[in-house]
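Letter by letter, the chains look like this.
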Amino acid sequence: MSFSERNTAIGLVLGLVGFIAYWVVVISRAASDELPFTQVAWQGPMLVVLIVGGSAYALVWLTGWVRHRRERLFDERDHEIQRYAETAGAGSTGAAVLAALIMLALDVDTFWVAHVLFTLAYLGSLSSAGVTLAAYREGVQS
Amino acid sequence: MIAPEPRLPRDDEPSVMSMEERSSWILLVFTVATSVGYLAVLAPQLASRPADEVGWVTPMIWAVCISVVGVVVSSIVAGIGTAVVLTLRGRKFDAELQSDSRDRDIENHARLRAYWLLMMVLLLVFVLLLSGAAHVWIATAFYVGLSMHTIVEQVMRIRAYRRGFVS
Chain A
1 MSFSERNTAI GLVLGLVGFI AYWVVVISRA ASDELPFTQV AWQGPMLVVL
51 IVGGSAYALV WLTGWVRHRR ERLFDERDHE IQRYAETAGA GSTGAAVLAA
101 LIMLALDVDT FWVAHVLFTL AYLGSLSSAG VTLAAYREGV QS
Chain E
143 MIAPEPRLPR DDEPSVMSME ERSSWILLVF TVATSVGYLA VLAPQLASRP
193 ADEVGWVTPM IWAVCISVVG VVVSSIVAGI GTAVVLTLRG RKFDAELQSD
243 SRDRDIENHA RLRAYWLLMM VLLLVFVLLL SGAAHVWIAT AFYVGLSMHT
293 IVEQVMRIRA YRRGFVS
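Sequence order for the protein chains is A and E. Sequential numbering from 1 applies to the first sequence in our numbering. Sequential numbering from 143 applies to the second sequence in our numbering.
Please note: incorrect hints may appear among the correct ones.
Footprint (simulated), chain A over chain E, 3 or more residues, beta carbon under 8 Å [said to hold, decoys possible]:
1) 161-168
2) 219-229
3) 243-256
4) 284-294
Some chain E residues near chain A, calculated using beta-carbon distances under 8 Å [to be verified]:
5) Val-199
6) Leu-271
7) Leu-272
Worth flagging that the hints you see were computed from the coordinates, not collected in a lab. As the structure is a computational prediction, the values presented were derived from the model and not from experiment. A virtual CB, placed ideally from N, CA and C, is assigned to each residue, including glycine.
Can you build the whole structure from these sequences, using the hints too?
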């Protein structure tokens, strides 16, 4: 398994765990306090997920990099797959950015702006990771 | 003895700037101009009244529209202009302006190297959203951050065209 394939696989698992854990916490808070969704204290959990998830992924990257420090990390195929997969997630991330700006302009509640941005950007990286793994297994049609 | 390769009459002429490099310049100019314009309109308002009362939506819509329309129109005008000039000089524009694998490599090179900035912008916006900042600040940081990303990417593309690059 190449460096970048391994990183993507671990990142996919980390992302799934973080995303599900976040929603479990927010939904259970809404249910237990009988509050409407938008009034739940969501800021703390989101910050924790972003920081813990981000640093865990950075740690995975770093350990891989240290273990393979005398080798070449990327070859032509890795670059090809990276390019191919990035386009798969770009649409969703772009939509997230546009939607967030429009919602800010319409003065929508911060809760919704943050969650639309969070969910769409997450889906973008999810599809890009899925396409990357599929490309390592089945090859790239270019 | 090997005979020297035959030299065609136009071999020594400089090659034409590719359409991709041209559109990169256009995008750079319009992004810089519209984001500076947006900030110039907004800065006095932000300085003089409370953040909640600043009307940032109209300036941003204008900035985005001017940028999109300007880029599209200038690209079309530049494309037609280049084709006309090349035809007048007796060169074949469709062959010379076609994009090749170098254009694609340069695009990927710049995109991959500017990607981290996009992620930084998203992170910054999240932090601003979480801290409950006024919408005008979030939107301005977002817009200026995205403009910076576009500017960095275009500068890297132009640099790669002019000075070469390692992919």
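Cross-check of the supplied hints:
1. Under the rule that three or more residues need a Cβ within less than 8 Å of chain A, the assignment of the region 161-168 of chain E is violated, with 0 such residues.
2. Look at the region 219-229 of chain E against chain A: 0 of its residues bring a Cβ nearer than 8 Å to a Cβ of that chain, fewer than three, so the hint is violated.
3. Proximity of the region 243-256 of chain E to chain A, defined as three or more residues with a beta carbon under 8 Å from a beta carbon of that chain, is established by the 3 residues found.
4. For a cut-off of 8 Å, the count of residues in the region 284-294 of chain E with a CB near a CB of chain A stands at 3, and the three-residue condition holds.
5. At its closest, the beta carbon of Val-199 of chain E sits 5 Å from a beta carbon of chain A; the interface hint therefore holds under the 8 Å criterion.
6. Hint on Leu-271 of chain E holds. Least Cβ distance to chain A is approximately 4 Å, under the 8 Å limit.
7. Because the beta carbon of Leu-272 of chain E sits about 5 Å from the nearest beta carbon in chain A, less than 8 Å, this interface hint is met.
Of the hints listed earlier, those the structure fails to meet are numbers 1, 2, in rising order.
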